[in-house]
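Chemist: Each chain, letter by letter, is given below.
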Amino acid sequence: MSFWEYVGSRHAQLLTDAAQHASAVFQCMVAATVLGVALGVATYRTEWAGNLATTATSTILTVPSLALIGLLIPVVGLGVAPTVIALTLYGLLPVVRNAIVGLRGVDATLVDAARGIGMSRTAQLLRVELPLAWPPILTGIRVATQMLMGIAAIAAFASGPGLGNEIFRGIASLGSANALNQVLSGTLGIVVLALLFDAAYVLIGRLTIPRGIRA
Amino acid sequence: MPETSVPTAAGTAARTATSGAGIRLEKLTKHYPGSPAPAVDDVTMEINAGELVVFVGPSGCGKSTTLKMINRLIEPTSGRIRIGDRDVTGMDPVKLRRTVGYAIQSSGLFPHMTVAQNIALVPKMTGWSKARITHRVEEMLDLVGLDPGEFHGRYPRQLSGGQQQRVGVARALAADPPVLLMDEPFGAVDPITRDHLQDELIRLQHELHKTIVFVTHDFDEAIKLGDRIAVLRERSHIAQFDTPEAILTNPTDDFVSGFVGAGAALKRLNLTRVRDVGVVDFATAGVDDPLQSIFDLLRDGDTNEVLLLDRHRRPYKWLRRGDLMRAKGTLARAGTLVHDTVTRDATLRDALEAVLTDNAGRVAVTGRRGEYIGVVDMETLMNNVHELLEADRLEAVEHRHQLEEARARRTRAAQEGLGEGGAGAPA
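Line by line, the protein sequences give chains A and B. Note that the first sequence covers residues 1 to 215 in the UniProt record's numbering. Note that the second sequence covers residues 1 to 427 in the UniProt record's numbering.
The set of hints was computed from the structure by calculation and includes no laboratory data. Beta carbons: idealized from backbone N, C-alpha and C, even for Gly. You may find that some hints are simply not true.
To be verified - Which bits of chain B does chain A cover? Going by a derived footprint, with three or more residues having C-beta under 8 Å, they are:
1) 109-119
2) 230-238
What the hints assert, rightly or not - So, partial list: chain A residues that the calculated Cβ filter (under 10 Å) puts toward chain B:
3) Glu5
4) Gly8
5) Arg10
6) Ala114
7) Arg115
8) Val128
9) Leu132
10) Gly212
Make a model of the complete structure from these sequences and hints.
Modeler: Structure below.
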């Protein structure tokens with residue numbers, strides 16, 4: 001069976017896997033963004049806290065994903081839970097780091113101006129600092145998403161959802177007729193998804209970055 | 001008078017504006033933890049309503065810190081601040097700052113918001129209605145001399161430095177605060193633009209009568225703008241707090257005279273404005289006037305020169321009789337272009353500069369939109385300079401005389417052994 005015949009005959013399964021893959025990455029990315037930006041906001045003003053947050057999140061990233069998921073299984077069981085936790089943790093680093101860098105990079109005179117014209121602390125953050133730090137934060141989110149696309153494939157190891165199942169099945173039955181097709185379709189599927197997400201981010205950037213600070 | 005003929009939005013702004021409130025600083029001190037000496041030490045100062053006071057001093061003297069304590073961007077360690085009849089030392093700083101305009105160096109405009117959004121910020125926070133805000137934004141843009149239709153939707157980076165600074169001032173004034181604090185607002189623009197912005201500020205102040213506290217390290221700027229100048233030395237100690245004239249002619253000590261610097265006579269020119277000397281009318285013609293009528297004007301008038309105005313009544317060219325002879329039916333290449341004009345708020349120094357560079361023996365005076373008002377000629381300028389210097393010389397002589405007299409009295413008193421209080425004060 002050629003690769004295209006394989007895709008044709010299994011397209012329903014592949015589409016389900018792809019949809020689950022995309023949805024897992026998307027949801028974990030939303031969680032990572034919320035957590036990451038919150039962490040950034042909470043820590044960027046203090047030198048040591050910011051450094052601690054960056055170091056902590058980058059330490060997580062050095063743990064191999066397979067090992068992390070393996071370690072999570074005894075704690076939270078198989079399936080969706082370890083996948084979501086692992087993906088969210090991995091997604092944190094680029095978001096936290098870029099949020100801190102972005103917020104610290106906001107021109108101090110602008111913050112002074114914001115205070116000087118009578119903005120409350122919250123208003124300063126929401127109306128001045130976060131909008132100005134948004135382009136680097138969005139870049140962080142984009143980088144994190146690309147990374148999670150690949151890591152999500154490992155989730156199949158813990159019976160998680162997504163295109164990883166296709167790859168794992170292929171690897172498990174190496175030498176059989178469809179093994180290569182399975183690995184190939186899973187991998188290409190992930191590549192295509194990653195490209196689609198990236199395109200979406202370009203669009204989001206266009207829509208959410210104000211014209212005044214667009215590069 | 002061309003200036004009063006058009007009822008502009010700026011005119012309305014001026015009529016309805018809240019005028020200034022007095023500011024009183026009482027024993028204001030700022031002591032940063034960990035530093036041995038206070039940054040600002042025991043400043044007491046009274047700023048009258050509607051007055052423009054300039055804080056001037058070397059960098060690091062605490063002038064900016066003092067300013068920032070007025071809107072409590074920096075909390076004073078001790079002392080009180082009063083604005084109008086209210087003690088604002090204890091009130092919510094966020095609320096306080098919404099009632100005090102604040103303009104800073106390099107404008108501080110938010111780059112992700114349009115000009116209109118920037119100006120609308122404070123009115124929005126204070127809860128104005130949408131319609132009122134929209135109207136106000138137009139009014140403010142017009143007030144600072146920017147065309148609302150053109151600049152409304154622009155982003156700060158699409159503006160020049162001078163335009164950004166104007167918008168910065170418009171934002172500071174948008175909610176009509178009685179007090180305006182300006183922290184080296186023109187420090188980051190080129191000298192020519194700075195000159196224009198200073199003129200604009202003087203004009204604004206003529207219209208609005210706010211209480212303005214202005215910080216600068218440039219003494220010339222202080223002389224040009226201030227109703228009164230506070231020369232500050234380290235820790236914000238007031239070395240002298242007086243009118244520019246008094247500081248120039250009568251500095252209290254070496255620190256102040258060192259700050260005044262050389263060329264006090266020339267600086268004196270900065271204290272008189274074109275509006276205070278004779279602006280006279282001059283023969284003018286429009287570019288669209290028939291050549292014959294300009295001809296007649298030159299022949300019949302007592303002058304051999306006319307000022308040609310463009311279609312917006314802005315000065316365009318100086319035309320001499322000889323130029324017209326060589327014009328051969330068209331004005332396109334005749335005459336000399338007007339390079340420099342001054343406004344009525346420009347100083348005599350600016351005017352003199354313009355006369356010298358334009359080489360026309362006179363300079364055209366223009367209104368807000370660059371339209372012709374009149375001219376000032378070299379003779380008027382020279383007469384004024386002479387008068388000024390003469391008056392200053394007299395004053396200085398008188399002052400020296402007074403000092404000598406006082407010293408003589410003291411010496412005599414000492415010689416007669418009548419030290420004040422009998423405490424044998426050594427002379």
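Chemist: Should the interface hint for leucine 132 (chain A) be scored as holding, given a Cβ-Cβ cut-off of 10 Å against chain B?
Modeler: holds, 6 Å
Chemist: Taking the least C-beta to C-beta distance, is glycine 8 (chain A) closer than 10 Å to chain B?
Modeler: Constraint on glycine 8 (chain A) not satisfied, violated at 49 Å.
Chemist: Tell me if the interface restraint on glycine 212 (chain A) is satisfied: Cβ within less than 10 Å of some Cβ in chain B.
Modeler: With a minimum Cβ separation of about 3 Å from chain B (threshold 10 Å), the hint on glycine 212 (chain A) holds.
Chemist: Closer than 8 Å, Cβ to Cβ, for at least three residues: run that test on the stretch 109-119 of chain B against chain A and report holds or violated.
Modeler: holds (count 6)
Chemist: Against chain B, run the beta carbon of glutamate 5 (chain A) and see if the smallest gap drops under 10 Å.
Modeler: violated, 52 Å
Chemist: Taking the least C-beta to C-beta distance, is arginine 115 (chain A) closer than 10 Å to chain B?
Modeler: holds, 6 Å
Chemist: Do three or more residues of the stretch 230-238 of chain B come closer than 8 Å to chain A, measuring C-beta to C-beta?
Modeler: Violated - the stretch 230-238 of chain B has 0 residues with a Cβ nearer than 8 Å to chain A, which falls short of three.
Chemist: Would the hint on arginine 10 (chain A) stand, with a C-beta cut-off of 10 Å toward chain B?
Modeler: violated, 48 Å
Chemist: Given alanine 114 (chain A) as an interface hint, is its Cβ closer than 10 Å to any Cβ of chain B?
Modeler: holds, 8 Å
Chemist: Verify the interface restraint on valine 128 (chain A): the C-beta must sit less than 10 Å from at least one C-beta of chain B.
Modeler: With Cβ-Cβ at 6 Å, under 10 Å, it holds.
Comparing the model with each numbered hint stated earlier shows that hints 2, 3, 4 and 5 do not hold.
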